[in-house]
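Peer 1: Sequence:
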Amino acid sequence: MARQSRTRSLLRRTGIRPERTTLVVFTEGYTEWDYIVGLRRLPAVSTRFSIEIKTGHGTDPLTLVANAVKSSTEPEVDECWCVFDVESPTRHEHLMEAMALARKHGVHVAVSNPCFEAWLIFHSERRTTHLSTADAIARSEHLNGRTGKRIAISDYLPLLTKAVENAEYATEWHKRNGTNFPDDNPSSTMPDFLRRIGAA
Numbered sequence: 001m002a003r004q005s006r007t008r009s010l011l012r013r014t015g016i017r018p019e020r021t022t023l024v025v026f027t028e029g030y031t032e033w034d035y036i037v038g039l040r041r042l043p044a045v046s047t048r049f050s051i052e053i054k055t056g057h058g059t060d061p062l063t064l065v066a067n068a069v070k071s072s073t074e075p076e077v078d079e080c081w082c083v084f085d086v087e088s089p090t091r092h093e094h095l096m097e098a099m100a101l102a103r104k105h106g107v108h109v110a111v112s113n114p115c116f117e118a119w120l121i122f123h124s125e126r127r128t129t130h131l132s133t134a135d136a137i138a139r140s141e142h143l144n145g146r147t148g149k150r151i152a153i154s155d156y157l158p159l160l161t162k163a164v165e166n167a168e169y170a171t172e173w174h175k176r177n178g179t180n181f182p183d184d185n186p187s188s189t190m191p192d193f194l195r196r197i198g199a200a
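Start counting the sequence shown at 1; every next residue gets the next number (my numbering).
Treat each hint with caution, since some may be false.
[What the hints assert, rightly or not] Under the rule of at most 27 Å between Cα atoms (straight-line distance), these lysine-lysine pairs were calculated in the BS3-like manner:
# : residue 1 : residue 2
1 : Lys175    : Lys104
2 : Lys162    : Lys175
3 : Lys54     : Lys70
4 : Lys149    : Lys54
5 : Lys162    : Lys149
6 : Lys149    : Lys104
7 : Lys162    : Lys104
Don't read these hints as lab results, they were simulated from the structure. Remember, it's a predicted structure, so these values are computed and weren't measured experimentally.
With the hints as constraints, model all of the structure from the sequences given.
Peer 2: Laid out in C-alpha cells, this is it:
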C-alpha cells in the first residue's frame with residue numbers, strides 16, 4: 001500500500017507542464033539584450049514565458065516595429081514587443097510612425113526617453129530633469145560603475161521595484177506638467193514589459 005501511494009504521489013508531481021506563452025522581443029542594442037536575457041532567466045518568468053530576443057534587426061524604431069509585425073504573423077508567436085529609444089537632442093526620424101504602426105498591428109512597445117540608460121538610471125535614483133542621450137549614458141555608467149554598453153543584470157535585478165517606482169514617479173510628474181510623449185524626458189515604459197512577464 002505504501003508503495004502504491006508513493007507512486008501516485010510521484011505521478012502528481014511530474015504532471016504535464018503548462019504551455020508557455022511565446023514572446024518575441026526586438027531591441028536596438030546589446031544593453032537591452034543583456035537586460036532582457038537576465039529577466040527571462042527569473043523563475044517567475046521562465047516557467048510562464050518563452051522569450052526570444054532579436055537584436056541587430058534594425059537600429060531605428062520603425063524598422064524594429066516592421067520586423068515585429070512580420071514576426072507576429074508566425075503561428076508559434078503569441079506576442080511581439082519592441083524595446084527602443086527616443087534619443088536626444090535629435091529624435092529618431094520615424095519615431096511617431098513606428099508608434100502608429102505598432103498600435104495598428106498590436107505590437108507592444110517599451111520606450112525609454114532619451115534612451116534605455118534612462119531606465120537603468122531609475123534603478124538607482126528618482127529623476128525628472130531632462131537628459132541628452134550622452135548624459136544618460138554617462139550618468140548610468142557612473143551610477144553602476146561600469147564602462148561600455150554591456151551590463152551585468154545581477155546589478156539591477158534587486159532594484160526592480162525601485163526602478164518601477166521611479167519610472168512611474170517620472171510619468172506622473174510629466175502628466176502634472178503637461179509634457180506628453182515624445183517630450184516626456186526622462187521616462188520609460190519598461191514597467192509595462194516587466195508587469196507583462198511577471199517580473200514586477
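Peer 1: Hints first: check each against the structure and report whether it holds.
Peer 2: Evaluation of the provided hints:
1. Under the criterion of a C-alpha separation no larger than 27 Å, the hint pairing Lys175 with Lys104 is consistent with the structure, at around 25 Å.
2. For the hint pairing Lys162 with Lys175, the CA-to-CA distance comes to about 20 Å; that is within 27 Å, so the pair holds.
3. Taking the CA atoms of Lys54 and Lys70, the gap is near 13 Å; set against the 27 Å cutoff, the hint holds.
4. Taking the CA atoms of Lys149 and Lys54, the gap is near 17 Å; set against the 27 Å cutoff, the hint holds.
5. Proposed proximity of Lys162 and Lys149 is supported: the alpha carbons are some 22 Å apart, at most 27 Å.
6. A C-alpha spacing of about 32 Å is found between Lys149 and Lys104, which places the hinted pair above 27 Å, so the restraint is violated.
7. Annotation: proposed proximity of Lys162 to Lys104 is violated, straight-line Cα distance about 32 Å (limit 27 Å).
Checked against the numbered hints listed earlier, the structure breaks hints 6, 7; every other hint is satisfied.
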